[in-house]
Amino acid sequence: MAWIDPFLYPVCAAAYLALALFVALAGQKRRKGLVLSDVALVIASLATAAWAAAIATAPETPLAALPGGLELARDAAWYGFGLLLLPSPSPGIRPLRRPLVGFGVIVLVFAVGAAFIAPSSGAEMTLASPAIAARLGFAVANLLLIENLYRNSRPERRWHINLLCIALGALFAYDLALYADAVLFRRLSPPLFAGQAIVVAGLAPLIALATLRNRKHGITLQISRSVVFHTTTLIGSGLFLLALAAAGEVFRRFGANWGTLAEISFLFGGLVIIAVLLSSGSARSRLTALVVDHFFTTRYDYRREWMRCITALATPDPAVPLHERVIRATAEVVDSPGGVLFLRAAEETGFHWGGSLNLPPAGVMLGSDHPLLARLDAGEQVLVAAPGTAPWIEGFPPLWLAVPLVHAGRLIGLILLSPPRAPFRLDGEVFTLLRTIGQQVAVFLAEQRATQSLVETRHLREYGQRFAFVAHDIKNVSSQLSILLANAEFHLDNPDFQRDMLATVRAAVAKITALLARLNASESDTPASAVAPLERIAAIAATLRQSRGVPIAIAPAQPCGKIAMPLEAFDAVITHLLDNALDAEASAGRPGHVEVRLREESGAVVIEISDRGTGMSADFIRDELFRPFRSSKHSGSGIGAFQARALLQKAGGSLHVTSTLGEGTTMRLSLPLVSHPVTA
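Residue numbers (numbering that gives the first Met the number 0): 0 to 679.
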């Protein structure tokens with residue numbers, strides 16, 4: 000291609016050298032200096048200038064090792080620049096960052112192998128040629144990236160990037176056309192190749208204008224730190240592999256018989272070394288520190304740090320204990336691999352061990368007079384361990400930072416962190432963020448304590464309720480046994496009374512045993528049974544007749560279905576209500592008129608217990624009857640009616656009261672029939 004104008008590619012190289020100088024000088028005039036997007040643009044411009052200069056020196060072999068490798072480096076540099084400009088994910092904006100980065104890595108690795116495999120003179124150009132395939136791959140990757148950048152930018156920001164997108168889109172669209180034509184006709188078109196210098200050089204002013212437009216209006220593209228890290232890793236890995244490929248090419252070109260083997264070994268070894276370094280926490284820490292310290296004016300992306308902390312604390316993970324989540328949320332701020340948590344309870348003065356992350360358990364307690372606590376100054380500062388000093392905790396590995404956990408002006412704990420994986424520069428920004436994260440962690444721990452206290456209080460309340468119910472039932476059993484003893488003085492010689500007395504005592508012992516068992520398990524742990532209500536009511540009525548000497552009438556009824564309710568709970572409800580009815584009639588001087596009626600109604604069993612006692616007023620029923628510890632009886636505890644309604648409601652039933660003063664009361668129970676098989 001010696002017929003190409005000798006000034007085309009030199010002019011192109013000069014244009015991009017000027018563009019790089021313009022971007023660098025314009026960036027220095029900014030208040031915050033040169034940002035990472037400027038650095039990436041300068042690198043891409045210099046790579047383009049170097050490529051154009053290499054072709055200008057050897058226009059006959061544009062796909063040779065040196066110009067070919069520089070062309071692929073140019074494409075990789077523009078791709079990295081485009082990745083930096085991708086907007087951060089937000090509602091309605093979802094750039095394909097991960098697929099684009101992965102696609103770029105694949106193309107870059109392939110390009111490294113193709114960089115020094117130039118087509119021989121006169122060879123046909125096909126997709127099977129690595130050099131051509133790599134160039135087409137980068138052209139497609141860059142076009143896809145530019146389209147994604149423009150489409151996912153907010154409408155109000157597109158004005159600032161449209162010229163840049165047009166320029167880069169035209170550059171790689173021309174590359175795509177150039178090498179697609181080469182594949183189609185099996186040769187590189189001289190006119191298209193000559194025109195490439197004109198097109199690329201003509202786009203430099205457009206890129207400069209886009210840069211000037213952003214400088215003029217003070218627009219700073221927000222670059223994600225994660226994107227910077229991955230892009231820097233991508234570019235650094237590519238340069239490393241290119242250097243290894245160049246070394247292998249030198250061995251192969253200068254007569255070494257094992258040059259090809261060395262080239263393959265270098266490339267494969269380089270891939271393994273990169274994989275090892277990327278999986279190393281220390282290497283990643285050093286690279287992150289390098290990127291942050293040199294390309295950002297602030298060390299942290301505070302929105303990301305805050306969301307990371309909240310996610311670590313608020314997302315429960317059964318596999319990760321609470322103390323590990325708390326320590327990790329703090330340790331990641333300074334890239335520490337582990338730490339230990341100390342907490343203080345509300346009634347304590349010292350701090351007990353609360354857990355460790357990547358450190359052994361601390362079997363010690365920090366007393367209120369511990370030197371470390373005195374230095375914390377009521378939690379107002381983060382402490383740094385001085386090199387060479389004694390460890391903060393005797394017999395424990397040396398620690399680095401002490402982060403106070405302050406809630407409501409009180410130091411409730413502290414987190415001691417291990418030294419970082421790589422050297423970490425501490426400054427005021429780091430200390431401020433650590434104190435802020437410490438306060439958030441302290442609030443979270445205080446909420447966890449409050450929640451635990453509420454759960455314990457609820458358990459105690461449930462236990463107290465069960466105890467009150469059991470005490471009330473034991474009182475009823477005691478009353479039955481007292482009446483039995485009173486009658487025994489007169490009827491002890493009667494064989495029938497003796498049999499009834501043994502049966503009553505046996506039933507009382509079984510009842511007390513069942514009541515004591517209820518104290519050790521909540522009502523929800525008691526399985527429901529398929530209860531035949533008529534049979535149970537008849538048995539309870541017979542027991543009361545024996546103990547109290549008063550008959551209870553059960554009205555003739557059609558056979559009823561079964562209900563789903565724990566047997567002990569059903570017996571307790573019926574016993575309470577029958578006892579109350581008998582007591583009401585005894586107070587009115589009209590014993591012997593308690594009647595029980597059963598029927599099925601609308602898919603439920605209805606049980607009515609009526610008496611002709613003193614009755615109750617509507618105000619008493621509304622305000623007092625179902626309130627615990629309120630009773631109209633002199634020796635009553637006020638638990639019976641409250642417990643009966645609670646047990647019925649738990650079984651899906653209800654209790655309705657109808658009463659008239661001086662005439663009597665009717666208790667109407669409704670319980671749903673069994674619709675599914677229930678364990679009997």
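Keep in mind the hints are simulated off the structure, nothing from the lab. Yeah, the Cβ is synthetic: ideal placement off N, Cα and C, and Gly gets one too. A few of these clues could be false.
Label-pair distances were calculated between CB atoms; the ranges are [stated by the list, open to error]: (1) Ala449 - Pro555: 56 to 62 Å; (2) Val319 - Ala449: 18 to 24 Å; (3) Ile511 - Val442: 45 to 51 Å; (4) Gly463 - Val442: 47 to 53 Å; (5) Gly362 - Leu566: 27 to 33 Å; (6) Val442 - Arg667: 47 to 53 Å; (7) Pro320 - Ala513: 29 to 35 Å; (8) Thr435 - Gly651: 48 to 54 Å.
A quick look at each hint next to the structure:
For Ala449 and Pro555, the Cβ-Cβ distance of about 58 Å falls inside the hinted range of 56 to 62 Å, so the restraint holds. Judged by the Cβ atoms, the range 18 to 24 Å given for Val319 and Ala449 holds: they are separated by roughly 22 Å. Between Ile511 and Val442, the C-beta spacing of about 49 Å keeps the proposed range 45 to 51 Å intact. Separated by about 31 Å at the C-beta atoms, Gly463 and Val442 break the suggested range of 47 to 53 Å.
Between Gly362 and Leu566 the beta carbon distance is about 50 Å. The supplied range of 27 to 33 Å is therefore violated. Under the hint 47 to 53 Å, the C-beta atoms of Val442 and Arg667, about 51 Å apart, fit the expected range. In this structure the hint that Pro320 and Ala513 lie 29 to 35 Å apart at CB is violated, the actual value being about 40 Å. The given range of 48 to 54 Å is respected by Thr435 and Gly651, whose C-beta atoms sit roughly 51 Å from each other.
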